[in-house]
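Trainee: One letter stands for each residue in the lines below.
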Amino acid sequence: MTLATTTPEAAPLGRRIKRFMSDYPIVPLLVLLILLVLVLQILSPGIVNQRWIANTVKFAIPLALLAGAQTMVMLTGGIDLSVGTVATMAGFIVATQTVDHPAGLAMAIALVPALIIGFTNGIGVGVFRVHPLIMTLGTSLIGVGFLQVYQRTVISAGTKYPDFLVWLGTGITWGFPNALVLFVPVAVLLIFIQRRTGFGRLLYAIGDNERATRLAGVKYWQVILALYMLSSVLAGIMGLLYVGLIKAASLSLAEPLVLPSVAAAVIGGTSIFGGRGGYTGTIVGALILTVLTTLLTILQMPEGARRILFGAIVLLVTAAYLRIIEDR
Amino acid sequence: MTKQPLLDATGVAKRYGAVAALKNASLSLLPGEVHALMGANGAGKSTLVKILTGAISANSGRILLRGEERDIRSPANARRAGLVPVYQEPSLIPDLDILSNLRLTRTPVEPFREWVRELGVPDLDLRETARDVPLAIQRVLDLARALAVEPDVLLLDEMTAALPANLAERVLDVVRRQSKTGRSVIFISHRFVEIAALCDRATVLRDGETVGVVDIAPGVEERIVELMLGAKVDKRRAAQTRSGPEARPEGRTRIAVRSLRVGAKLHDVSFDLRDGEVAGVVALEGQGQDELFAALAGSIKPDGGIIEVDGQAVRFTHPADAIEAGIAYVPGDRTEALAMQQSVRENIALPFSAVFRNWGPINRRREDAAVQSAIERLQIDTRAQREVQRLSGGNQQKVTIARWIAADARTLLCFDPTRGIDVGTKQEIYKLLRQLADQGKSILFYTSELEEIQLVCDRAIVIFGGRVVDVLPVGIADEAALTRAAYGLPRDASADVGILAHHAASDRAVTP
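Those protein sequence lines, which keep their order, are chains A and B.
For the first sequence, the numbering used here begins at 1 and goes up steadily by one.
For the second sequence, the numbering used here begins at 1001 and goes up steadily by one.
Some hints could be false.
Said to hold, decoys possible - Sample of chain A residues at the chain B side, in silico, Cβ under 10 angstroms:
| # | residue |
| --- | --- |
| 1 | ARG201 |
| 2 | ALA216 |
| 3 | GLY275 |
Said to hold, decoys possible - Cβ-Cβ distance ranges computed for the label pairs, FRET-style:
| # | chain 1 | residue 1 | chain 2 | residue 2 | range |
| --- | --- | --- | --- | --- | --- |
| 4 | B | ARG1357 | A | PHE164 | 54 to 60 angstroms |
| 5 | B | ARG1364 | A | GLN50 | 37 to 43 angstroms |
| 6 | B | THR1335 | A | ILE34 | 38 to 44 angstroms |
Just so you know, these hints were derived from the structure itself, not from any lab.
Computed from a predicted structure; not experimentally measured.
Heads up, the beta-carbon is just placed ideally off N, CA and C, and yes, glycines get one too.
If we strip away everything but chain A, and leave its shape as in the complex, we get (with noise of 0.2 angstroms):
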């Protein structure tokens, strides 16, 4: 037994460093967020104000609760790529109910294709072992081509944005995002969930040895089938609200959220392959990512440049995340 790592006194202080990333991952998160707000600041001067910090929260959010069901996906190892087809079903669903019946009733319409599609992509993962990533990419293409029928039938109608939703997505109150209002509850809830209940204990357990579970007791496709289900409710919700904040439904409106969700989490420190990480990384990683969006952005530089640059960044702030959290 090496007793030595559990003795920080005796350890050099490089080794102590790493220990201390180690058992608290959101420290290094956090001061690259604050690097980055900087590098901001010194290449802008007098960019980095409250309004924009209002600003860049209130299009955080949708991200970070795109990334908040795929966290819980990617604790079990999983990956929920249907969130962005979900999302849009629930806007663009929304946006054209809205038109015939009040705020309400339409908000529930834009929600059932979602529990439709979780339920799917529970049964499909956890009965029938499907591997997540085809799954949801199924379910993601089949949603799409429903979409695609259901456009036809309202084009004439034309579309509709519940005041509330729009006051949600894009109001900002005594400085604060009034989307905050939605996001924090569901947060603290994702937060409860991972940390404090059984179903995450499973969640972790799943991803890290599945066989294990089940030599404990735990029904596979029970847990897969909730978590899906949950994932898909998530997306379906943040549809709603970035379609409020959007203000413009269309056939792809969150798909291009749906890697950026990915990349949130593992920027978070949520392993891709399960069993690792939680929602308080991902959030900060959809912070880490706006900002990234933002500061490419006032570069000035030609698009696919942006692009190869966020993509580059975005590699390598992963890899040398889990150097610095990694302790062997």
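Place chain B on chain A using the hints.
Mentor: The following block gives chain B in isolation, referenced to the frame of chain A:
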């Protein structure tokens, strides 16, 4: 006999870190002989075989082929030198057809076909995908593939273990004829009957050393058992470690197993497990004990027979069902039971959250109490408790047991729980299992270390070839008796009776 040995290995040693898998092994193989390689679990048989076939390289030692040193540091080199193994696991690539598999190893097709016919499979389609060929036939194909390249030394590891009787017969026949052509065979088997019928000599390994080479003759099995056990035979019945069969009231029957049949390995097993007892299970590798434990734990469904728990017949379809009935399985391989990146606490508390109704908020205070008392009871070193993978092997094993102490399981199925852990922890686990039994819990305890039976168990159930061949009271279950029983030899065999005379007796299932 002045024949030059075909293969002559001397002083072969192999270390893994501080552990010596082989210390001083030697093996001398004459042309035209069938040579048995024997030894208890962990004696170093498989290490020696791997070295001879180039799968791993030795730290020291000399290996001569026909009197000259040959490079056999890779399987391909060994093949070229005329050493061809047939391992226990089928080696055909499952997604290729048989013909492509042959091409892969540059095996000539016609001789292969002939050998396959010879071995009793007349209608083989070479275009068939290996995956679709039944397991027993795959073994035969492996053998045919090895024979087709006309090896000087054929190495057969438990060749007949998965074969039905008629195929096994043909295989043994072919092996015997092989030796007539001046080629040699190294034959690894747990079955004395086969060895007696087939082999000329046997090399016996113990603790990584060659302890003897014997000619196979009637009555030699006693000698072989003695060699495998070494000095341990002399102290037989000297150390009665447990305080004898004290007058304890017999507990109620907790689990009754009747004629249990699982897969191809477990054929007919019946026994009772009572409250308050530790029943040992003794078996050589692959005699069906894995299947027995898996069936009792609800991991696999039996093909026949009855399992009764507290007098009620049960059908487990998921480990959750067994756990519901208070039966918990502790696997020998810790990586099977633990979520390595999670904390000690999460691992111990895992069963608490398993069922749907317990998915909600965790009652930290109640859970802490249960987890803490289990940790204290097993004296788990919790200094590195944030991740189980940072714990020592012994402490990890304790966590797998602590989980079920905390969950208050009434029956533990411990499968070789002391494999690869330190002596101190072993002692603690023995003590714990005894304590649990004294509290009225029942424990089924498979072990590959025979001396543990007398340290822990109330009796020993011996399984051989998928059947219960003997049930020994702990008083006489010393290593010698257990080894004999585990090889299917009858209990009071005297040295002057030959193996073949006991052929029928060893196949008979002795029921308690």
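Trainee: If a hint holds in the structure, say so; if it doesn't, say that too.
Mentor: These are the hints, each one checked on the structure:
| no. | hint | in the structure |
| --- | --- | --- |
| 1 | ARG201 | 5 angstroms, holds |
| 2 | ALA216 | 5 angstroms, holds |
| 3 | GLY275 | 5 angstroms, holds |
| 4 | B:ARG1357 - A:PHE164: 54 to 60 angstroms | 36 angstroms, violated |
| 5 | B:ARG1364 - A:GLN50: 37 to 43 angstroms | 39 angstroms, holds |
| 6 | B:THR1335 - A:ILE34: 38 to 44 angstroms | 40 angstroms, holds |
When each numbered hint is compared with the structure, a violation occurs for hint 4 only.
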